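Asks: One-letter residues, chain by chain:
Protein chains: 2
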Amino acid sequence: MSIRDNVRKMKEVSPVVASLDVRIRDAALKAVAASLTSRKEEIFAANREDLARADADGIADSVRKRLRFDEHKLSDCLAGIDSLLALEDPAGRITLKRELDEGLVLERVTVPIGVIGIIFEARPDALVQISCLCIKSGNCAVLKGGKETASTNKVLFELIRDAACSAGIPEGSLLQASAHSEIDELLECDDCVDLLIPRGSNAFVRYIMDHTKIPVMGHSDGICHTYVDEYADQEMAIPILIDAKTQYTAACNATETLLVHRAIARSFLPKAAAALADSGVRLRGTAEAAAILEEADAPAPGTTAAISRDDVMEEGDFRREYLDLILSVKLVGSVEEAAAHINRFGSHHTDCIITDNDEAAERFMTLVDSAGVYRNCSTRFADGFRYGFGAEVGISTGKLHARGPVGLEGLMTYKYRLYGHGQIVGDYASGKASFHFRTLS
Amino acid sequence: MSIRDNVRKMKEVSPVVASLDVRIRDAALKAVAASLTSRKEEIFAANREDLARADADGIADSVRKRLRFDEHKLSDCLAGIDSLLALEDPAGRITLKRELDEGLVLERVTVPIGVIGIIFEARPDALVQISCLCIKSGNCAVLKGGKETASTNKVLFELIRDAACSAGIPEGSLLQASAHSEIDELLECDDCVDLLIPRGSNAFVRYIMDHTKIPVMGHSDGICHTYVDEYADQEMAIPILIDAKTQYTAACNATETLLVHRAIARSFLPKAAAALADSGVRLRGTAEAAAILEEADAPAPGTTAAISRDDVMEEGDFRREYLDLILSVKLVGSVEEAAAHINRFGSHHTDCIITDNDEAAERFMTLVDSAGVYRNCSTRFADGFRYGFGAEVGISTGKLHARGPVGLEGLMTYKYRLYGHGQIVGDYASGKASFHFRTLS
Chain A
101 MSIRDNVRKM KEVSPVVASL DVRIRDAALK AVAASLTSRK EEIFAANRED
151 LARADADGIA DSVRKRLRFD EHKLSDCLAG IDSLLALEDP AGRITLKREL
201 DEGLVLERVT VPIGVIGIIF EARPDALVQI SCLCIKSGNC AVLKGGKETA
251 STNKVLFELI RDAACSAGIP EGSLLQASAH SEIDELLECD DCVDLLIPRG
301 SNAFVRYIMD HTKIPVMGHS DGICHTYVDE YADQEMAIPI LIDAKTQYTA
351 ACNATETLLV HRAIARSFLP KAAAALADSG VRLRGTAEAA AILEEADAPA
401 PGTTAAISRD DVMEEGDFRR EYLDLILSVK LVGSVEEAAA HINRFGSHHT
451 DCIITDNDEA AERFMTLVDS AGVYRNCSTR FADGFRYGFG AEVGISTGKL
501 HARGPVGLEG LMTYKYRLYG HGQIVGDYAS GKASFHFRTL S
Chain B
101 MSIRDNVRKM KEVSPVVASL DVRIRDAALK AVAASLTSRK EEIFAANRED
151 LARADADGIA DSVRKRLRFD EHKLSDCLAG IDSLLALEDP AGRITLKREL
201 DEGLVLERVT VPIGVIGIIF EARPDALVQI SCLCIKSGNC AVLKGGKETA
251 STNKVLFELI RDAACSAGIP EGSLLQASAH SEIDELLECD DCVDLLIPRG
301 SNAFVRYIMD HTKIPVMGHS DGICHTYVDE YADQEMAIPI LIDAKTQYTA
351 ACNATETLLV HRAIARSFLP KAAAALADSG VRLRGTAEAA AILEEADAPA
401 PGTTAAISRD DVMEEGDFRR EYLDLILSVK LVGSVEEAAA HINRFGSHHT
451 DCIITDNDEA AERFMTLVDS AGVYRNCSTR FADGFRYGFG AEVGISTGKL
501 HARGPVGLEG LMTYKYRLYG HGQIVGDYAS GKASFHFRTL S
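Taken in order, these protein sequences are the chains called A and B.
For the first sequence, my numbering gives the first residue as 101, with consecutive numbering after it.
For the second sequence, my numbering gives the first residue as 101, with consecutive numbering after it.
Hint data in this document are derived by calculation from the structure and do not stem from the laboratory.
One thing to keep in mind: the hints can contain errors.
As the list makes no split between identical chains, a pair holds if one copy fits it or if it spans any two.
[What the hints assert, rightly or not] List of simulated lysine-lysine pairs, DSS-like, C-alpha gap at most 25 Å:
#1 Lys130 <-> Lys313
#2 Lys109 <-> Lys532
#3 Lys532 <-> Lys165
#4 Lys173 <-> Lys532
Only a predicted model underlies this, so the values are computations on that prediction, with no experimental measurement involved.
When you get a sec, could you build the whole thing from the sequences and use the hints?
Replies: Here it is, written out as structure tokens:
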């Protein structure tokens, strides 16, 4: 059966899935956990196949790390399921209850979005995490993982689907797409799929956004900034900056640009550059930043980290996501200028100010138009786990629906329920009846 | 200056608008109300120009009603502003506050979306309502109204902009587009406009959705259903149905399809058809529905309202929005079948069950995947005013972000603020530090 046929069936079954009691959804999660444990050798064997194939293809060590599914990853997955079990049911929450008139009661209640398509990178643990988020939230899911983990994904998906069904989740509410060509087929299903969540490279996410009418949630770029204000604690700023740049360079929440207030540039920049150089970070930056480092180097040439001639940047260059040990540097004259640079060249992901001045911090956090605005900590904190969401399906840089790390709440929508006793609008239009809008607890 | 240049400037000023204290935003609303009152003769004179042009063009009476801006419409607008003034500030609400670890505090706070483009029909009161919603919510707005009210819109827009600026809203945060060609220009501004809200005909909304990368909120179709269950109070059902179909046929929340449970079709349908015929409604329907009416007519031919041969419907026909005194009729065998029909052929707008059975009602309201699910009242209640939102910018049939009538809340997004004291992710990754996730009040 084609993806389209399967997704159409999924759309029909989705209201039933949405109406399942949370006890069934939680039982399904427990069944998944039990099955992951009892069938772990089968999963590890499949994963060894993927790893052998990867070795034959000569893939990079960093990618290999993501592909691996071992005891350690399994225990992370099981811990993730435990934390989902501990979370309150996101469905059926009444977020508004209002008596419009005598015997005419309006309720707004949270409900699952319905059918969600998730296309993710080659990480078997992502498959487990995402399916479990969908099960807990009462959503149906079409999953497409990276081809490098095809063998592991196949075992994991079948195990999760079978465990979920055995607990009472209807057949056809979880689906795996395996061929790459099925992605394009899925993009066409705008009458059946309510939301697409693509994860992966910028180019890939951009491709998805440009080739479907289905709403897309996610981020293409992660151009995050750390701004060291004139009132910064410079001793605190340096380890934050090193962490934000180097703790995991391939992450979307790694800092790509350092902004420094001119008033402290001469004292701060040489120290920061030295520490960054020690961590293997190459600096790029404006001619102004380069000149300051050159000046600092003058008394004892070659001792201070510098910005090489080729790394002097023009304004347009600041729209670069390195995902590598490279950092852009620019000086600004005020919080407002820092915020304007970030709003213009950033990707509205996560941006931080280092300052001891409360007013500067509030100004920055108000003016910067990003999903996350931080003070005195690393941009790397932007993550569903670190926010205490239990798990995340991704991070959104869009401003509609969900913004920032997206956990269970981002997989929900709501509906209005109106309970009447024969009320008609004509009576309110004619003045025979009138609304009194009383909030009910 | 082109729309693009203006919108780019607006994008730059939007964080400032978003950070304005609610006292300034409320003062702007009061200034708008005062100016509307003191300059009303000027508005009425401009409106007479529009009406004279409309008369010369021989427009329909129903359209003329919408164009008119008189004392009555003015007082509605002023009442709308009063109710907006009475509403709590939608910005700056903290919806989550959590200590991730000692001295590392996460807050989620509501903020305006930013720059909103609204393209609306020829109704001067809509311009007032929409601009005031944007002012109250701290958003910037590009407004494009119908050309039939160009003269009235011009006076109204300038008056609103000047009043708002005099109260402290920055220049350039409200903009009017007047030429139709400017719509296409606006659709290209996906780097500056955060949200588009088109209102108008299905074809128009569809055109907007298909020609922009900017997120669009709205509805193209309004195919609403009233389902008369086997346990319906038939006496109650008929006036509800008449109201839902006829109280304002051009509205998106008017019922277009009547579903009747087979068990009561023979007793209910002939009575309903007679009442509908008395209200001027023409019936279309399945062969099965037509046969029941024909049978009822048999004892005294010509006395019962019938479905003519040309009005017998095939399945695919049910995806029709009449916006007229025409109603589709179909019989179903269960609540589940009614819900399946609605989910398949409806537009996920607003659908109602008429029943005295609690279980059937809950089943219907759970299974129907629409923004509004009603029991025992008219679908015409789906409206921001009637929900007590004070005003609405439109009704959304999408499931992401805002669903159903959209008032102030739908014009807001949120950002995460994280306050630290030098925390870095490396310490949490290495186990040197750990999260404790404590919810703060």
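Asks: Hint by hint, say whether it matches the structure.
Replies: Hints and how they fare:
1. Lys130 <-> Lys313: So Lys130 and Lys313 fail the 25 Å test inside a copy (36 Å) and across (41 Å) alike.
2. Lys109 <-> Lys532: Cα proximity of Lys109 and Lys532: none, with 47 Å in one copy and 49 Å across.
3. Lys532 <-> Lys165: Intra 70 Å, inter 23 Å, cutoff 25 Å: inter-copy only.
4. Lys173 <-> Lys532: Only across copies: Lys173 and Lys532 sit 20 Å apart there, 66 Å inside one copy, limit 25 Å.
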